[in-house]
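Asks: Here is what each chain is made of, one letter per residue.
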Amino acid sequence: MASTQEKTKSEVSGRRPFSDLDPSQLQGILDSAFYQDMLNRLLEKRFGSISLNEGDDAELEKKIKLIENNEIKSSLMLDAALRAYDDGDIIIRQGDYGHSIFIILDGDVRVVKAPPLTDAEFGYKLHTKPRGWWKTFKILFGQSKQPEYRNPKAYALPVVDPHSQRARLKPQVLEKLKNDQKRTELMHSGGLFGEIAALTRSERNATIFSDGASVLIEIRWQGLRKLMQIDKVLKDQIEQNYRRFGLQEHLRNNPPFNQKKKTDEWAPDSLVPTAWNALSQSQQEALINRAIFKTYGKLEWYRDEATETPIVEQGQYVEYLLMVRSGFARVSVKLAQGLRTTAILRRGDTFGLEEIAYNRHNSGHSKPYQRSLHAIGYADIIALPVYLVEELLFEQQNLMVETQAGLSSSVVSVENDMMDFLIDHRFINGTKTMLINLDRCVRCDDCVRGCASTHDNNPRFLRHGKVFKNIMVANACMHCTDAVCMIGCPTGAIQRDREQGWVVINDQTCIGCATCANSCPYDNIRMVQVRDNKGQFMRGKRDADGNLRLDNEQDTIYKATKCDLCIDNVQVSPACERACPHDALKRVDMRDTEALARWLKR
Amino acid sequence: MKQFIIRRLTQLTLFMLVMIISTYFIYAPSPGLDDNISFVTGWILVAVMVALMLFNLRKKLPFIALLRASTWLQFHLYAGFFCIYAFMTHIQFRIPSGVFESILAVIFCIVVLSGVVGILLSRVMAPKLRASQQEILFERIPSLIVNAKNNVEGLVLNAVEESGSQVLNLFYNHHLRVYFSHPTPILTQMFCIDSCPQKLLHALDELSYSVSANEQEMVAQIADWIKVKQDLDWHYMRQGILKYWLFIHIPFTYALLPVVILHIVVVHAFTGVV
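Order-wise, the sequence lines are chains A and B.
The letter at position 593 of the first sequence is residue 593 when you use our numbering, and the numbering goes up by one with no holes.
So the number in our numbering is just where the residue sits in the second sequence, counting from 1, plus 1000.
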């Protein structure tokens, strides 16, 4: 997070809560001269004296014009909006999908450090527990006869602002947190946060709430990138923060640095350090400081191999170990006059490690890169210098290289046309994509019945979808690497499970706003109207405190539903795949192209 | 392909081993066993049948970790073939005599034959459905047929309004109303009886000579909808067969159960073996 600045007296204190205003009144306030002046002053202060990046003359000229014509603000506001928060409103939640940064325009916010907020402090259960044997056994006798039945007594409902639909901390929790100076840290006007998650499109690493009323600028990640292109100071500041907080986490948790090497075969696994932990602090800092960040490709993209941005070409000298920070990249080998795709890389994957390992042990016969790497759309790459990797991983630790799926030389690969189909439709995003082999599928719907049995007689996918040759990609949640459905959930109901990494919706917490369903580019999330045990639609409305009150005069209650990989019954996960008698259905991780190819050729 | 061959060879080898071992134990000279060979083979048969029936139970319990359904199906198939062998051994490769034995044998044969036909259908029909290049959900076919019917009726009414002629109306009432009212029966599809699409299209083609130019356009559209209905019928028949063959296999399996129990009771009651 950026360092805090001297507190200015908040102009919003003493005014009516924002939640008392209707949307047009609120917008009027945010558009007023008061806040526009404040915004102008902030932008002037942050971006007024810009030291420009080195670049082409044409680019430099364009940037100078942007500043001289005061176009920064208008350019920025295409990707930004002012947001108003009342005391206790949750701005970002730990674990939420990061897609934007915030700059505090007016007022204060509080960052919750360690320990993170518990379910009780949030006021609702953020996480569902796995179903035990007894509850599983009860399914035999207790499956609901009504579709989408819900027990209204089982809900632990979050407090949600009726206008903004933002979750808010309960007063006693809020008071406790404000008084706990060790656990929370105050940030004042001018402060910036959320940049690491926005840059890497990963999870937020802290919960932040409004301390008193506040007004913030929320800039989505596309706008952040544009700003970083024109403002070197901001770029350096964010990169510095990323090196200090984000890069360390990335290196620690991803191959090859998360590999363990046992020197003592009797040592328990928990005591064996990872390659990262085995490095000294100075060595870790050396890696962090010497890492180079590069971005390839375009943010809006359509697959076109002729214009996919090359990152490295087959045959090039091995200078760096490349790690994908975000986006996707295609690994391919030359085949006659063309290229054959052997793997798709995404966040956390590496490229070049095998060549580095080989060259380390065969110094007289160095290999160049054995494959090409191209950005699909865009890819953020972390490049680690080879000499450091050799010294710290191979010389010092003698690490054995575990071949990453899709990168070994004797790889069973997916046909190019199938790969193109998967890329065109962005199915490469999936970690649990449902594929159905139509040459084996007898359309018996045992998979749908299996799913329904595990979800109280409600199936969570549709046995229908895009078809290519004999493979159908069914409408079932793919649990994407880049789960855009998680953007903007007001209560944090849709989140990534911490143990399994699957994207799940907490039914109790979901308020049925359909943000996730509208965001999913694959239409894999369905909104359903829930019923009581008599089959009647449940109806209700939120009161002024944000609590849901059942009332037959009100609108029906909706919930978002999707495949959750049977997360409350992991032993049978996924029930659909296990229920298919003909091995026609498979949940596939698109990263593992070898396994995909083997299954396609089964 | 290689994986498939290895898998099949492994399974067949294991199956043959089981067959050889069981044949040895059944036919090897053994003083106590020789007199009771039918009892031994009978109980083996019952045990295998019970194991086969458990597959249906497993399908109803997908929320309990009881191995994959595909593993169960493989076991079901090979156990089924073994069951045929056990049955033939049990009846000592002779034709059953007596009413009760014959009923038992007939029900058993129906179950076995329906099972064999079912597995063959699943292997043959699935690629054919895929080759049609249309994926239609079975449960949606009736509503799609209703949609086709509404479109055709709309075209006919338009034709009547525009031209004032009743030719298309009469043709629809005489030939197409029944055709679009429900999925075409299997026999009609197979043997082109009565209102099969080929005859309808031919009749429509003949009709086009006696209507105006505007109506000919509508006739062409009606022909398209007949082809749509034909595709829907094609899918309905094949997907229906894939679903409904179990309506023979499973009920006869349940019918076999009480007959087998009765057989066991009778055998033990009247042969002096406890």
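Be careful, since some hints might not be right.
[What the hints assert, rightly or not] Quick list of the computed label-pair ranges, beta carbon to beta carbon:
{"hint": "1", "chain 1": "A", "residue 1": "D507", "chain 2": "B", "residue 2": "V1124", "range": "39 to 45 Å"}
{"hint": "2", "chain 1": "A", "residue 1": "S363", "chain 2": "B", "residue 2": "A1131", "range": "42 to 48 Å"}
{"hint": "3", "chain 1": "A", "residue 1": "Q571", "chain 2": "B", "residue 2": "K1002", "range": "28 to 34 Å"}
{"hint": "4", "chain 1": "B", "residue 1": "K1199", "chain 2": "A", "residue 2": "M527", "range": "29 to 35 Å"}
{"hint": "5", "chain 1": "B", "residue 1": "A1220", "chain 2": "A", "residue 2": "E415", "range": "38 to 44 Å"}
{"hint": "6", "chain 1": "B", "residue 1": "M1053", "chain 2": "A", "residue 2": "G501", "range": "37 to 43 Å"}
{"hint": "7", "chain 1": "B", "residue 1": "V1117", "chain 2": "A", "residue 2": "D589", "range": "33 to 39 Å"}
{"hint": "8", "chain 1": "B", "residue 1": "A1065", "chain 2": "A", "residue 2": "Q529", "range": "29 to 35 Å"}
{"hint": "9", "chain 1": "B", "residue 1": "Q1003", "chain 2": "A", "residue 2": "K541", "range": "37 to 43 Å"}
{"hint": "10", "chain 1": "A", "residue 1": "M527", "chain 2": "B", "residue 2": "I1084", "range": "48 to 54 Å"}
{"hint": "11", "chain 1": "A", "residue 1": "G501", "chain 2": "B", "residue 2": "Q1003", "range": "39 to 45 Å"}
If you're looking for bench data, these hints aren't it; they were derived computationally from the structure.
Glycine included, C-beta positions come from ideal geometry on N, C-alpha and C.
Asks: Going back to the hint list, which numbers does this structure go against?
Replies: Violated: hints 2, 4, 9 and 11.
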